[in-house]
Amino acid sequence: MSAVFPDLRRPQYPSSPEVLLSALAWSVVPRAEGGDKAGLIYERFAATKGVIIQQTKPSGSEMVRFGEQLSSFGVRALGEPKYADVAEAVATSLNGIRPLKGKGRSSSAIGIAPALLQDPVGGLSAENPPNFAQLINTIYALGGPDIGTTAAERWFEAARHHASQAPLSGIERALATGTLAGLLRESDPWPPTKPISLKVSRPSDPPPWWLAEVHKNGYATPFQWFRVAWDRLCSPDWHERLPARRWASWAICVLRHGLAFTFLWEANFFTEIARGVASKEIDSETLARWAMVPVRPLVPYRRGSVSEMNVGSSINKALAIGLACREAIEELIGEEGHGVTSLAELVDLLRKRAGQAQHAELARALTGPSAGSRLGNLQETVRYSLLARTVASQGDVDHYGMLKTVNRNYTHVLPGAEWIVVMAAMAAPRPDSVVRLGDVMQSIKALGFQPRIDFLLAELERAGLCASSPDGDEGIEINLGFGRG
Amino acid sequence: MNAIERLQMRAFGGEDVAARPDAADDDWWPKGPLLPGVTELIGDLAQRPFASDGLNIYFLLGGAGNGKSFAARALAMRLAIDLQGSGELARRKYERSVDGADVVILNDATIANRAEYKEKQSVALAADIAEWTHRSATKPVIAFCCVNRGIIVDELRALETVQGVSSEAAKRLLRWIAGVAESVAEGVEVPPGDFRPPLLLGSHYRESSSTIDGTKVRAFALSVDSTSIVSRSKQGPKKSAARELMAEVVALCLPDAQKRDPNCPILANLINLQSAETVDAWAGILEGAEVASGRYFSYRDLWALIALTVVGPRVAEATSGAQGAVGGVDALLHRHSQASNATERLEALLGLSQHRLSCALYRAPVPREDGLRVEYPPGTPFHGGLILVDPAVWGGRDTEAIESAMAEVALGGRPSAVLRTQGHPLSTLWTPFDDALEQALLEEANSPGCMDGHRRGLISWYSAYLIRLTSLATGNIGNKAAIQVLEECRVACKLGPALPPSAIDTGLRKLLLPDHGRAGDHKVMMRAFAARAEPLDGDADEALPTLAEVIHVGSLSMRLRQRNGRVVLECHIAGQDRTVGELTLDLPLVREALAWSEGKSGQTDASIYIEPRLERCRASSLSAMPASFKRLVSATTSGHVELAQ
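Line order of the protein sequences matches chains A and B.
Per the working numbering, the first sequence starts with residue 1, numbered consecutively.
Per the working numbering, the second sequence starts with residue 486, numbered consecutively.
Treat the hints as calculated values from the structure; they're not laboratory data.
For each residue, glycine too, the CB sits at the ideal point set by N, CA and C.
Each statement offered as a hint is correct.
Okay, the calculated bits of chain B under chain A, using three or more residues with CB under 8 angstroms as the criterion:
id, segment
1, 1003–1015
2, 1058–1070
3, 1113–1121
Under the rule of at most 30 angstroms between Cα atoms (straight-line distance), these lysine-lysine pairs were calculated in the BS3-like manner:
id, chain 1, residue 1, chain 2, residue 2
4, B, K979, B, K516
5, B, K656, A, K445
6, B, K603, B, K624
7, B, K656, A, K216
8, A, K317, A, K445
9, B, K724, B, K516
10, A, K404, A, K317
11, B, K603, A, K445
12, A, K82, B, K1115
13, B, K979, B, K995
14, A, K352, A, K317
15, A, K216, A, K352
16, B, K516, B, K578
17, A, K82, B, K1008
18, A, K216, B, K603
19, A, K103, A, K37
Assemble the whole structure, with the sequences as input and the hints as a guide.
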């Protein structure tokens, strides 16, 4: 039975977001029976308690063997064999960003095999991590009509392309027959020819009213933004133009923003519903619209003093209220509401069911939410998804963050150098499309972020993306840098 | 109201700021010429060379203040259509019947009336085109539309959601204007010569015709914002709309200015601007600012610039009860005349200095007594370019002589006296105001009570004041070398793709493919599968073997192309035509390329913003490069070993 409300499983943020791609990878590439006894991480720096984690990056004597495997698939030194040196070079080239405080480092998750070199258990050092693939597939499903595919399956198309390109193709084969040999099913071919989706990673069904509501009214939501961005990025137009590592970085950026903004949207959704049910002043149609399309930006960016520009506390507060409202609303609806065909109808039902005690509960949720591990995980997920990561070395800078910690108390909207590039690119159907400032504004607005035009213009100018500005305003053309064919 | 006050009103919000097709011109004001192609287009419409059928639609495209409404009024006059008396408010559409055809003049800057357009308000232009197409099946329609491209983008987006505008012609025309479609129709193009040979007005003009839904549709689009009104025209070496308008305004304002206080900076400005050489230098500075910002000034910008140069900024000094810039100047002149000591006198003169043409143009700050606080007058969109050519910030040619003359202050002398004795160009612009300012400033700086920090601040500011003023005599601007190269690039590719000029060719290539000598001459070694497409440069962390790709720098070719007024650097694989990477060639990038040839690459103020763009272009270009152009190596600091693939 489908849920009454969009069913987003509770998240937890991995210190290496490459794990998000790895979760998608392991959801469409079957694991060998018994291959999941240990979690996987590419490089481990510290021991973990209560969970077995296996390092997949070759070390010590494994290097020579990895070098021999590489050699057998054509990646070898000309002249005298230097197995260890070549293996070391290849292994280092697959390093992902090293987080400052993490217990391990992920691989860069390019192609298919390198994406399989870690999993959520290893990435989070947790025995029961969230099912990221299911969560991402659900966000994707909520973003548009059912077309019989999932976010993970779309990823597979792009990853397969990169995996087929030299020199990555040889490295992929060496990893599949070496490091990953015991983890993959022997009967499956390498490279895999089609995605085989795990049942547990299938998306939750959208509520019956969802798609009709979204389509009828043309609502632009973070789900729709993610769906459009992911479909574009995974299409040949984009994945054939971007280098493998750049594509993976962009994909992680889209995943991070998709995750963060859908949970911010969810918080706003339940807050609006709770407020409307509690007050009854607003008609249910209007309330439904405000719940679906937030009236205020989900990240309340504005210019001002250091403290006025802080968005950290308002994000945390919105999530706290939203979670409390969600719990109160779920309690109120109970087992009812499965047959409703519109959100307004659902609001009417909630209003009918709300007695004095429920009103008090909603009022409490709207004012004084209590803390808990669910809330902590949620706030961390949103915060760290958007925040530029603190990294161990200068070469590992996170260029894709949207927020930056300016001091211990304040977090500002200070996008990394490549943030605006990804945002602008995802507003363009193809790399060589004509895209204008208005398109970028519209796309970012769907995500739930509504900065002033001068903020976007400054970011675009800083990134050198403005191709012309004779008209100013939304007509400014953006040059994505890929040429016009 | 005298001429100076009228000028101030025009620049800062008077009735003449936004033109209306139905509002009569004030003949007192001089008029600039119509932008290139507009006269020809109006003539084409007036002659109506096409058969009397279908929809013939003319678009003037461009941002606000480029003279579109002025052109619409010129068209109405040509067709003897009386648009006046249409009401107090600007209207969106003016319709008249002329020789059996419906002529519609549409001013899209005016927001469509909600009552008239209802739910189609957000797609008003598309709705209008749909209606004209429908009407033209029985009676020819000629439409002349003044349109901002931003509105087209909005409408195209809104058309995806708004129901009720199903006209194919409207959608195709909007896509064509926006540059998304090459022609107004696919596969049913009517031969161009069906009514006359195509007009050859330049790259800023397009025309297309076809039959859509059974109706003949002819579309003509002219961009009115893709030519400069400040650069010299081909008609003569010193002629441009900016120069001519400024000269005429000076002639109008000077009689009123001569009645003002001898210490008035407005009078000083007009005295200076009487000289054709000063006007020429002023226009040259604007030309440099256009090149630097990559954006042409509109007529509205130009009027504001003329007013700014003559009168100064509107709110340069907080004054009690004073109205506008002229009122502010009057209040400051009064304060100056009433000053009881040197400090008060200097404060008033520093406030007045913001109205001096050079300070106003470059938006010079004013130092204050506490030594730390500096006040900037309000900025405008066009200051973005002017700030980039400020000789006091970016080092003009006149800097050295002025800085040596400033040594005179320590000896109790006057820098202006030294410069004027040397025949320095500053002499031609020196006025009683400058004399009073220098005297008051030196008196304050040399007084025993002047704190050291304040004294240094005053002297430094005054040095910048003289440099800025001198630029109005010599035309020398900051960043001149980079601006010249950028202009050279723009000229080189005006008629089509061109190679980068030799002055920056090597610099650009080295920036894109930095060769650190690790892989041999003319080869660059790039880390494989790296987050950033950056070359290996022998850092300590590369002691471990690193997987890298070696590429010959000659594998990548570059060419320049103009697109929508900006110069774009396109990268393509040697021997292939397809563009694989692009960079907008702007002033910071040219400066970075020039800095490379001086061995200072990475040291310009914009390096931090340039590098991500270069890296992105590099990544895109190298990604498209066939494997046969790359050699895979395992590199260490001691060398590299080539790998088979």
